[in-house]
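Spelled out from the first residue to the last, the chains are:
Protein chains: 4
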Amino acid sequence: MTERVPIAIVGASGYTGAELMRLCARHPGVAIAHVMAKRAAGQRVGDVFPHLAALDLPIDAFDADAVAARAKLAFAALPHGESAPIVAALRERGVIVLDLSADFRLRDPAAWSTWYGGHGATAGDAHPAGGLLASAVYGLPERHRAAVRGAQLVAVPGCYPTAAILAAAPLLAAGLVDPDGLIVDAKSGVSGAGRSPSQATHLPEAGEGIRPYKVGGTHRHTPEIEQELGLAAGRELRVLFTPHLVPMSRGILACVYARPSDASRPTEAYRAELARAYAGEPFVDVLAPGALPDTAHVRGSNRAQVTAVFDLRTGMVLAMSAIDNLVKGAAGQAVQCMNLVLGLPETTGLDQLAIFP
Amino acid sequence: MTERVPIAIVGASGYTGAELMRLCARHPGVAIAHVMAKRAAGQRVGDVFPHLAALDLPIDAFDADAVAARAKLAFAALPHGESAPIVAALRERGVIVLDLSADFRLRDPAAWSTWYGGHGATAGDAHPAGGLLASAVYGLPERHRAAVRGAQLVAVPGCYPTAAILAAAPLLAAGLVDPDGLIVDAKSGVSGAGRSPSQATHLPEAGEGIRPYKVGGTHRHTPEIEQELGLAAGRELRVLFTPHLVPMSRGILACVYARPSDASRPTEAYRAELARAYAGEPFVDVLAPGALPDTAHVRGSNRAQVTAVFDLRTGMVLAMSAIDNLVKGAAGQAVQCMNLVLGLPETTGLDQLAIFP
Amino acid sequence: MTERVPIAIVGASGYTGAELMRLCARHPGVAIAHVMAKRAAGQRVGDVFPHLAALDLPIDAFDADAVAARAKLAFAALPHGESAPIVAALRERGVIVLDLSADFRLRDPAAWSTWYGGHGATAGDAHPAGGLLASAVYGLPERHRAAVRGAQLVAVPGCYPTAAILAAAPLLAAGLVDPDGLIVDAKSGVSGAGRSPSQATHLPEAGEGIRPYKVGGTHRHTPEIEQELGLAAGRELRVLFTPHLVPMSRGILACVYARPSDASRPTEAYRAELARAYAGEPFVDVLAPGALPDTAHVRGSNRAQVTAVFDLRTGMVLAMSAIDNLVKGAAGQAVQCMNLVLGLPETTGLDQLAIFP
Amino acid sequence: MTERVPIAIVGASGYTGAELMRLCARHPGVAIAHVMAKRAAGQRVGDVFPHLAALDLPIDAFDADAVAARAKLAFAALPHGESAPIVAALRERGVIVLDLSADFRLRDPAAWSTWYGGHGATAGDAHPAGGLLASAVYGLPERHRAAVRGAQLVAVPGCYPTAAILAAAPLLAAGLVDPDGLIVDAKSGVSGAGRSPSQATHLPEAGEGIRPYKVGGTHRHTPEIEQELGLAAGRELRVLFTPHLVPMSRGILACVYARPSDASRPTEAYRAELARAYAGEPFVDVLAPGALPDTAHVRGSNRAQVTAVFDLRTGMVLAMSAIDNLVKGAAGQAVQCMNLVLGLPETTGLDQLAIFP
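Protein chains in written order, with our numbering: chain A, 1 to 357; chain B, 1001 to 1357; chain C, 2001 to 2357; chain D, 3001 to 3357.
These are calculated hints, taken from the structure and not from any lab test. All values reported here derive from a predicted model rather than from experimental measurement. Glycine is no exception: its CB is placed at the ideal position from the N, C-alpha and C atoms. Be aware that a few hints might be false.
Take a look, some chain A residues computed to stay more than 10 angstroms from chain C by CB distance [said to hold, decoys possible]: (1) TYR15; (2) ALA41; (3) ALA54; (4) LEU55; (5) PRO128; (6) ALA134; (7) ARG145; (8) ARG195; (9) PRO204; (10) ALA206; (11) GLY207; (12) GLU208; (13) ARG235; (14) ARG250; (15) PRO289; (16) GLY315.
Per the computed footprint, the stretches of chain D lying under chain C, defined by three or more beta-carbons under 8 angstroms from a beta-carbon of chain C, are [to be verified]: (17) 3004-3013; (18) 3041-3053; (19) 3160-3168; (20) 3214-3226; (21) 3242-3256.
Here are the in silico distance ranges between beta carbons for each label pair [stated by the list, open to error]: (22) SER1198/B to LEU3342/D: 38 to 46 angstroms; (23) PRO1085/B to PRO3058/D: 44 to 52 angstroms; (24) ARG107/A to ALA1146/B: 35 to 43 angstroms.
Turn these sequences into a full structure, and let the hints steer you where they fit.
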């Protein structure tokens, strides 16, 4: 491989930042040139993440000029709202950006305002960098590979949307299921809540129980799922999305319930369509008939397990997927997009097998 | 309270048996007169369950005459198929039986044959004690209290059915939701798989991941859910049931998705109906608006948390419940039924608050 | 039982407060007359602890006069330093107090200053209510039953000290082991860290790993263990104490390593001495030879499992114990002490069997 | 890198076998030429381990001639006793063997008979391939690097011994601690018990509690720890070893308690000696003062965290370590040894960073 591309990571003190460092540090095509975080500036990576101490990297405060001077490409792993201005500053300086926040995922600026534009008095705030939306590409290579290849700004998908879309989009795109009445019942490990501690993520509260949260169309990943499944279906659609918190660190399991467009189709048709759609995909494993996804089987890897079954008794379709929320649901997918943007083989630096058990 | 009723427990070496002992040992109206188990016969309870060592009880092999001589009422906590002949032997001798197996839950003997009647060559076996089915009462007091009061043979519901029925039956009974298209996405702790170890329940395999199993209408609790929700709805119905294994010991969370029968109803109507239906119920907590169920909040108790939300965006209803699978989903519910059968206050011996955290 | 004694709970928003409510609400000799907490004042118990919603109790701000007017006895479940002035105010008004903080556990006021008297500039602060120390009784009934019976102020032991003392004190008291060179290697569930979330207790950080903390004689339970083991041994001693955080909610397992005072003693002598010392103790189970303690077997109960083995190869003694840190290690022990203080049978309200699995 | 060395894995259906495949499949210097397992023969690796499905490898029955024909080097990941004859057959055919069983770890054949030589009537069986013991090298590179380099048969250390030796051996070798009176209190994730399910590893039994097992000098890793710490100390010694089962999949934390040989040494001397001894070691991180090991920080990696503290109050030393039991405690260490044997850079294929959280 030729010279390594210098890259920067903004927002290195969260779990997504940590995973970006884990993956990029062993990626043969890039070199981590600059690591930034707000509160952790001045510390070293090993102070914030002891498991990365071997990288021996300093953490700086964000400085757009410094990033532009040192790096060709930057990952932004920041909270929504906070990310957009930083992305804008980097784009102005010509830095390619892979943004892991939600700021550039929704194509409609009004949707951003509705779902992310503040609370209370500030609800409905305008997008802080709406002018960039047109150039942003939704970074799910399995759906938008060609566009990602040519992008300078990639909006890396959310974890739940990645799981839901991988399970359901091919069935919608092939017209096998009805775009109306979709239900996504998804279950996530607690790392999806980020690194900031809260009562909801305190081990004694979350460690030995399961609970739904933000039900009834209130979770912010809802419009993102709808946008992408709507694109697959070729028309607007609504999804009933129910997220759950599961007593484990990593992993998302998504169950997507759908009505078939034609009830007389062979039961194997749905899994077969997934197999057809993902033939050649380097990171999607369509399971053999009878096998079911398990988040334990993708932990630490960029792979997704998907399958679908047709329930003869009710005539409904159940599509399922399992991913590691921090890898295929965040940092791994970002690196996959980076490979496409940089013209590298898509799997470069992402061949880690899952850690099981 | 007057003299304690002598009771027997058959199948004391499983988790349900253990919970029956835990609850009955502190129940002021009964006395554990006889404890039986096949493989553990000859040992003491504390050898099999160290946490119950203080009970200092011997374990015998099953002997119907001995049970009849010592006890007025017996709990059978045995695998399906194995339970029916034992129940029959006890009933012949006039012993009241609370059966925690699936053998007397389905009113239609043909349904038992289909779902429980053997595998391979023996598939479709006839019910081993079909003659008793007519006299068996499905022991969900919140649905069949009067019948349970007069029963001599109670079929204690399965754990998943209890959770699903508590969440959805009142909405069906009130005609608020469409009996067609029901989906039950349920998540269970691993104790639901019983005490026999297997690779699927080996901690390194199950401890840090979530996975569905027996999807697509293959889990044996499906017909039981359908029977009871059908009774509530007043007509036959089908349910798409998806069970999951969650990395925790106890608890079931059920999400039931349904279409409203009238889309223009106020969003609060569904939760309000649950509140109305369960007013006065001693073990069902209808959560306040905005609150959501959590299995951690019912652990060790006989309580159920239920609620429902209407998703304005999709026009769908989501009813939810959380129970402890071994208590309200098994042993606690059996004791609740016993109280009714014996004419004791329904909450006797069941006032334990949940153990949290 | 005669009229219920009205009791108050100060500090109801923490885990210890919750356990006190769980136990006292079902205690036949007392009635919860008043529940207080600082930040949660104005809410109801069910808002703070959904699993206790059935109690339907309001939470007030602390008011010593109101407590004295309503209750004969109060539990204080507050942080150290914060507890002492409240205890003093209650004692002045004649209220019997069971204090679950560390403020009255150390008999030597100087020890309190050293271990609890502030940080930095305020290090070495004087005890905020040192005058009460002389009247305080260390509430470990298995060691100080008679004194607890006559006490008006009981200092309920810490969780680690309870586990360590139950395992080792009888061996020291009988002169079987050398008071020098004691090592306590103890492992705790995360609820021991309290209810305030922190990065150390955030599920993704603590949920799938084990780690020691505050090693090398820096944990504040060290002097408490030393005080009580010293009393058992009849002379001052030092203990090397190593606490660990285990990925579970509840439970403490303590391993105490000691040298025998006489290396030629039969190997069974140590366990036999524990059996002798705890004969008749209602809450201490000395395990059968070959059996070992397991925190899963005491979860939710006030019982302690203890045993000891002699290692023939090294000539060392290992004494072990398992307790539920929130029950025998906190609230259950406080209720046990309350029973003694009130002249009730010691096991009143504490007969719950452990919740397993 | 030049041509890949063809390697074989015998015993591919256990966790250690799976980890060997995970690591070797991405190792640039070797190619997996042959995978074997007894019961799983005829299946594919993905059938047994879905997380490794991407490897697309068949599983054969063991055949020594076939191994010799296809591979230059073999890993044996088999139970003790079962491994020795297979190792002998491979050595006879000139295959280099890295044996992950205990069969060649103890230099003294009599020790093998005592600790591993059968139960009951067969207790004290002779070593099945004692003639090979003289040529076997104990594969802990940090202690025996030069010998491993020249070995044709490497006995890869046990998981507990690796953790204990890494923490304590340098202190013994430098004469800083007394070889008498060593105590090893170690805590392991459940994967250490292997892949065969049992009641002890059934999630509901093991998932929410901690317990010791095989205490008092009965665990088979005891003589292995003693052998290696004795070599470090320059004389025979005995260790009191207490293993525990922790509710998590992976990781071992070891606490080694020791008396200093000179009580007046500066408190920092012990950690400093570890830092000195491990300077330049590629896989051992001596933690900064104040930092403590955490198994969550080494999960999935071949790294070990070690440190030591001196307890001023008791004058005792506590040395600690954390490893991933399946990587540095098994498969990773085996690959590290393989690299040495093959003359490859020691870190080849082992640069994976830990997966956290």
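Contradicted hints - numbers only: 1, 8, 9, 10, 11, 12, 14, 17, 18, 19 and 24
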